[in-house]
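Given next are the chains, with one letter for each unit.
There are 2 protein chains.
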Amino acid sequence: MGKAAKEAAFQLSTATTAQKNRALTIIADELEANRDAILAANAQDIEQGRQSGLSEALLDRLLLNTERLAGIASDVRNVVGLQDPVGQEMDRRILENGMSLSRRRVPLGVVGVIYEARPNVTIDIAVLCLKTGNASILRGGKETFNSNMALVKVIQLSLEKAGLPAASVQYIENPDRALVSELLKLDQYVDMIIPRGGAGLHKMCQENSTIPVIIGGFGISHMFIDASADLNRSLDVIENAKVQRPSACNALDTLLVHQQVAAEFLPQLVQRLSDKVTFVADASALAGLTGAASLRAAQDGDFDTEWLSYTLGVKVVENIEQAIQHMRAHHASHSDAILTNRLDHAEQFINAVDSAAVYVNASTRFTDGAQFGLGAEVAVSTQKLHARGPMGLEELTSYKWVGRADYLSRS
Amino acid sequence: MGKAAKEAAFQLSTATTAQKNRALTIIADELEANRDAILAANAQDIEQGRQSGLSEALLDRLLLNTERLAGIASDVRNVVGLQDPVGQEMDRRILENGMSLSRRRVPLGVVGVIYEARPNVTIDIAVLCLKTGNASILRGGKETFNSNMALVKVIQLSLEKAGLPAASVQYIENPDRALVSELLKLDQYVDMIIPRGGAGLHKMCQENSTIPVIIGGFGISHMFIDASADLNRSLDVIENAKVQRPSACNALDTLLVHQQVAAEFLPQLVQRLSDKVTFVADASALAGLTGAASLRAAQDGDFDTEWLSYTLGVKVVENIEQAIQHMRAHHASHSDAILTNRLDHAEQFINAVDSAAVYVNASTRFTDGAQFGLGAEVAVSTQKLHARGPMGLEELTSYKWVGRADYLSRS
Numbered sequence: 001m002g003k004a005a006k007e008a009a010f011q012l013s014t015a016t017t018a019q020k021n022r023a024l025t026i027i028a029d030e031l032e033a034n035r036d037a038i039l040a041a042n043a044q045d046i047e048q049g050r051q052s053g054l055s056e057a058l059l060d061r062l063l064l065n066t067e068r069l070a071g072i073a074s075d076v077r078n079v080v081g082l083q084d085p086v087g088q089e090m091d092r093r094i095l096e097n098g099m100s101l102s103r104r105r106v107p108l109g110v111v112g113v114i115y116e117a118r119p120n121v122t123i124d125i126a127v128l129c130l131k132t133g134n135a136s137i138l139r140g141g142k143e144t145f146n147s148n149m150a151l152v153k154v155i156q157l158s159l160e161k162a163g164l165p166a167a168s169v170q171y172i173e174n175p176d177r178a179l180v181s182e183l184l185k186l187d188q189y190v191d192m193i194i195p196r197g198g199a200g201l202h203k204m205c206q207e208n209s210t211i212p213v214i215i216g217g218f219g220i221s222h223m224f225i226d227a228s229a230d231l232n233r234s235l236d237v238i239e240n241a242k243v244q245r246p247s248a249c250n251a252l253d254t255l256l257v258h259q260q261v262a263a264e265f266l267p268q269l270v271q272r273l274s275d276k277v278t279f280v281a282d283a284s285a286l287a288g289l290t291g292a293a294s295l296r297a298a299q300d301g302d303f304d305t306e307w308l309s310y311t312l313g314v315k316v317v318e319n320i321e322q323a324i325q326h327m328r329a330h331h332a333s334h335s336d337a338i339l340t341n342r343l344d345h346a347e348q349f350i351n352a353v354d355s356a357a358v359y360v361n362a363s364t365r366f367t368d369g370a371q372f373g374l375g376a377e378v379a380v381s382t383q384k385l386h387a388r389g390p391m392g393l394e395e396l397t398s399y400k401w402v403g404r405a406d407y408l409s410r411s
Numbered sequence: 001m002g003k004a005a006k007e008a009a010f011q012l013s014t015a016t017t018a019q020k021n022r023a024l025t026i027i028a029d030e031l032e033a034n035r036d037a038i039l040a041a042n043a044q045d046i047e048q049g050r051q052s053g054l055s056e057a058l059l060d061r062l063l064l065n066t067e068r069l070a071g072i073a074s075d076v077r078n079v080v081g082l083q084d085p086v087g088q089e090m091d092r093r094i095l096e097n098g099m100s101l102s103r104r105r106v107p108l109g110v111v112g113v114i115y116e117a118r119p120n121v122t123i124d125i126a127v128l129c130l131k132t133g134n135a136s137i138l139r140g141g142k143e144t145f146n147s148n149m150a151l152v153k154v155i156q157l158s159l160e161k162a163g164l165p166a167a168s169v170q171y172i173e174n175p176d177r178a179l180v181s182e183l184l185k186l187d188q189y190v191d192m193i194i195p196r197g198g199a200g201l202h203k204m205c206q207e208n209s210t211i212p213v214i215i216g217g218f219g220i221s222h223m224f225i226d227a228s229a230d231l232n233r234s235l236d237v238i239e240n241a242k243v244q245r246p247s248a249c250n251a252l253d254t255l256l257v258h259q260q261v262a263a264e265f266l267p268q269l270v271q272r273l274s275d276k277v278t279f280v281a282d283a284s285a286l287a288g289l290t291g292a293a294s295l296r297a298a299q300d301g302d303f304d305t306e307w308l309s310y311t312l313g314v315k316v317v318e319n320i321e322q323a324i325q326h327m328r329a330h331h332a333s334h335s336d337a338i339l340t341n342r343l344d345h346a347e348q349f350i351n352a353v354d355s356a357a358v359y360v361n362a363s364t365r366f367t368d369g370a371q372f373g374l375g376a377e378v379a380v381s382t383q384k385l386h387a388r389g390p391m392g393l394e395e396l397t398s399y400k401w402v403g404r405a406d407y408l409s410r411s
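For the record, the sequence lines run as chains A and W. The first sequence begins at 1 in the UniProt record's numbering and counts up one residue at a time. The second sequence begins at 1 in the UniProt record's numbering and counts up one residue at a time.
So here's chain A without its partners, still in its complex pose:
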């Protein structure tokens, strides 16, 4: 598979944007033409999931229907419209010795993706890799095995119709988990590993892969309410960050409140969120939150917990420095915000907080490829190499240096 992928990647790397877009258009069309087969395969997965006791909420995430499939096909057509970053020449300059030197964007080569749950990820990743001239080797979760197989079959058939190698998108069918470990060692053929799933999957890839891994997702999201903040408008931002979609990795985990406004603000917070949110309060915040319907004192580890639920940690801090110190001690790395009307505090916060995305007077929920105008999102990176935060098409590319001269040797 590695060899076939590398060979396919070579062909994809020299394909024109028009060829790649034609393949994507065919994929979109074939997804709709093969709707019945895809939905039948998905129905098998849903049935098996129900028998093995998956929750209705999870089953709904796995479900494909006519509408969702049309949405997926429409997403593929949107990718056709995005600019192809491959071939862009950057930083072109003429050196003193006369050489014309530039950096040219090129595909990474072969991307390995290990993911869980939703079948649309199969199409998402395959299509974004194709657009950027990368071959992909996919390994989805067992819950959507039949759906994924049906989708990959459609992709490969479409690739052949478009005159591109079917091996541009391959799927590891064998359920043996040892094959994932093998994939992680194929550094001769695979250029990047993207894990899309929980912290356990990321850790496993980080510890076992000899291929560069994009680590992402995990991080405690904080919001600091400065003494100068507009408290009333802050409530809207906090409510959005906590309540809109608590299961998202950019949802708010910990609220840090400046002591000067805590007595005034915390009761307002209770009033706004008490019907939905469970408060986990540091000793400093307990008194202010006493009116809450659901409230408990924070214990060891609570401020290191990514809640992914309607729970909100709350702590009162003496000043912005203490807020920053708390964040550094408690895994700030994904998305963090300050609510303030002071310019100096805004700058201090932006400078000192070492997270993929830092906001002034905005919700942490904005960390998202679509929101950032990237057109598509492959993953959200919380590491610092290669890409940080939402990764779009450009982050699926590398570059090569191109030097052109007139028989230039070094003296």
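Hints were generated in silico from the structure; no laboratory data involved. This structure is a prediction, so every number in the text was calculated from the model and none was measured. Quick reminder that beta carbons are idealized off the backbone N, C-alpha and C, glycines included. Don't take each hint at face value.
Calculated cross-link-like contacts (lysine-lysine; reagent style DSS-like; alpha-carbon spacing at most 30 Å) [stated by the list, open to error]:
(1) W/153 x W/185
(2) A/3 x W/203
(3) A/400 x W/400
(4) W/185 x W/400
(5) W/6 x W/142
(6) W/185 x A/185
(7) W/400 x W/3
(8) W/203 x A/6
(9) A/153 x A/3
(10) W/3 x A/203
(11) A/203 x A/185
(12) W/6 x W/400
(13) A/203 x W/400
(14) W/203 x A/185
(15) A/203 x A/6
(16) A/400 x W/203
(17) A/142 x A/161
(18) A/203 x W/6
(19) W/185 x A/203
(20) A/3 x A/161
(21) W/203 x A/203
(22) W/203 x W/6
Covered stretches of chain A, going by a simulated chain W footprint (3 or more residues, C-beta under 8 Å) [what the hints assert, rightly or not]:
(23) 2-15
(24) 227-237
(25) 379-387
Some chain A residues judged to face chain W by a derived CB distance under 10 Å, without partners named [to be verified]:
(26) 106
(27) 108
(28) 203
(29) 210
(30) 337
(31) 359
(32) 404
With chain A's structure known, arrange chain W on it following the hints.
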């Protein structure tokens, strides 16, 4: 050490360019002020090296003297003059919802560097990391232990004089190799590992590190002489690529000659290089090279060997496609060149050859940070993530997304 480095990195990340430059200037001054102590420590290393039987060539690489130390101090002062990439804001734009979004260059954090031999690497890396606001943890070779300790002492003393944390540059003193393995697992504190040494060191880091590693150096360098090439001028380029510094990773390993010009060109090549170079010839090239003083038939693996010496592999190919195919099969990844007068072949070569640097009518020896105008070189990457080819200051940075708005919540 990891913790101390991370704490130092936090302070460095908020230091101004002026503060960092002041520290660098003090380092340069103190290197000269402490010349006697540094040279005495180096003399110890040289003496021990001589006793343990190191070659005179290697001893010369390890040697520091007044002139070389002045050169190192001068290099440090040059780094003061380079632009600080930290703080640059990129891709600033206003989103439809009113948010001002940009990417801001930030330090990586903590960089671990494992290197061999020359003591100037200690200063090089420490200084480039400081300039970009990164803390570093260094581990040099045992051959220069005393020199490195003396240099690091000077750096730490200078950092204190400049009001920056001494732990910004730390050195693993304990010679136990297990400590290197420990360093490679400190993903909680260290953000990037740069190995500078042979293929064995790179492989060890790749296999054992849970921290992103910059893999570099290894790669077979090829040059393809197209039928349309100006043969006479090609000889100059080939001679430079092979002879100027054969031990360099960008020195030429394999020459591929178009069959249409082989009969004419190979004897000229013999005439030009035969007094210096040993030819290792594919069956296709043997006849043309018969005049050579040192010539042998290629065996299995010869075309996968990075010579790092005055040996040159030679093969005759039918056309450009076969040249590209040979390169793909034999580890082209670092620096490769085509010599041609045909524009279409130049473009075909640039597109198809998947190496860090691709040249048209120029020597492979140009792959170098100074030649590329980067001002400094941390390493040469042959991987595709984060950075490829010569890495300068910018490649020692990451970015964070910065979003500014007016109490913006998502609808």
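Cross-check of the supplied hints:
Restraint check for residue 153 of chain W and residue 185 of chain W: the C-alpha separation of about 26 Å stays at or below 30 Å, so the hint holds. With a C-alpha separation of about 21 Å, the suggested pairing of residue 3 of chain A with residue 203 of chain W holds against the 30 Å cut-off. Taking the CA atoms of residue 400 of chain A and residue 400 of chain W, the gap is about 24 Å. The hint holds against a cut of 30 Å. For the given pair, residue 185 of chain W sits about 24 Å from residue 400 of chain W by alpha-carbon distance, which is consistent with the 30 Å threshold.
Using a Cα cut-off of 30 Å, the hinted pair residue 6 of chain W and residue 142 of chain W holds, with the two alpha carbons roughly 26 Å apart. For the hint linking residue 185 of chain W to residue 185 of chain A, the alpha-carbon distance of about 18 Å falls within 30 Å, and the restraint holds. Only pairs whose Cα atoms come within 30 Å are accepted, and residue 400 of chain W paired with residue 3 of chain W is accepted, the gap being roughly 22 Å. For the hint pairing residue 203 of chain W with residue 6 of chain A, the CA-to-CA distance comes to about 21 Å; that is within 30 Å, so the pair holds.
The straight-line distance between the Cα atoms of residue 153 of chain A and residue 3 of chain A is roughly 20 Å, inside the 30 Å bound, and the hint therefore holds. Annotation: proposed proximity of residue 3 of chain W to residue 203 of chain A holds, straight-line Cα distance about 21 Å (limit 30 Å). Note on residue 203 of chain A and residue 185 of chain A: the hinted pairing holds, with a Cα-Cα distance of about 15 Å set against a maximum of 30 Å. At roughly 18 Å between alpha-carbon atoms, residue 6 of chain W and residue 400 of chain W fall within 30 Å of each other, so this suggested pair holds.
Among the hinted pairs, residue 203 of chain A with residue 400 of chain W is consistent with the structure: their alpha-carbon atoms are about 23 Å apart, no more than 30 Å. Between the alpha carbons of residue 203 of chain W and residue 185 of chain A the distance comes to roughly 12 Å, so the proposed pair stays at or under 30 Å and holds. For a cut-off of 30 Å, the pair hint linking residue 203 of chain A to residue 6 of chain A stands: about 26 Å separates their Cα positions. Restraint check: the Cα-Cα separation between residue 400 of chain A and residue 203 of chain W comes to about 23 Å, which is no more than 30 Å; the hinted pair holds.
At most 30 Å may separate the alpha-carbon atoms for a hinted pair to count; residue 142 of chain A and residue 161 of chain A meet this at roughly 29 Å. Proximity of residue 203 of chain A to residue 6 of chain W is assessed by CA-CA distance (about 21 Å); at most 30 Å being required, the pair is judged to hold. For the hint pairing residue 185 of chain W with residue 203 of chain A, the CA-to-CA distance comes to about 12 Å; that is within 30 Å, so the pair holds. For the hint linking residue 3 of chain A to residue 161 of chain A, the alpha-carbon distance of about 22 Å falls within 30 Å, and the restraint holds.
With a C-alpha separation of about 21 Å, the suggested pair residue 203 of chain W and residue 203 of chain A falls inside the 30 Å cut-off, and the hint holds. At roughly 26 Å between alpha-carbon atoms, residue 203 of chain W and residue 6 of chain W fall within 30 Å of each other, so this suggested pair holds. Proximity of the stretch 2-15 of chain A to chain W, defined as three or more residues with a beta carbon under 8 Å from a beta carbon of that chain, is established by the 3 residues found. Under a criterion of three residues with beta carbons nearer than 8 Å to beta carbons of chain W, the stated coverage of the stretch 227-237 of chain A is upheld, 5 such residues being counted.
Coverage of a stretch by a chain is defined here by at least three residues with a beta carbon nearer than 8 Å to that chain's beta carbons; for the stretch 379-387 of chain A and chain W the count is 4, and the condition holds. Of the supplied interface hints, the one on residue 106 of chain A holds, with its beta-carbon coming within about 7 Å of a beta-carbon of chain W, less than 10 Å. Checking residue 108 of chain A against chain W by beta carbon gives a least distance of about 5 Å; that is within 10 Å, so the hint holds. Hint status for residue 203 of chain A: holds, given a least beta-carbon distance of 9 Å to chain W, under 10 Å.
With a least beta-carbon distance of about 5 Å to chain W, the hint placing residue 210 of chain A at the interface is held under the 10 Å criterion. With a least beta-carbon distance of about 8 Å to chain W, the hint placing residue 337 of chain A at the interface is held under the 10 Å criterion. Hint status for residue 359 of chain A: holds, given a least beta-carbon distance of 5 Å to chain W, under 10 Å. Because the smallest distance between the Cβ of residue 404 of chain A and any Cβ of chain W comes to about 5 Å, under 10 Å, the interface hint for this residue holds.
Taken one by one, the earlier hints all hold for this structure without exception.
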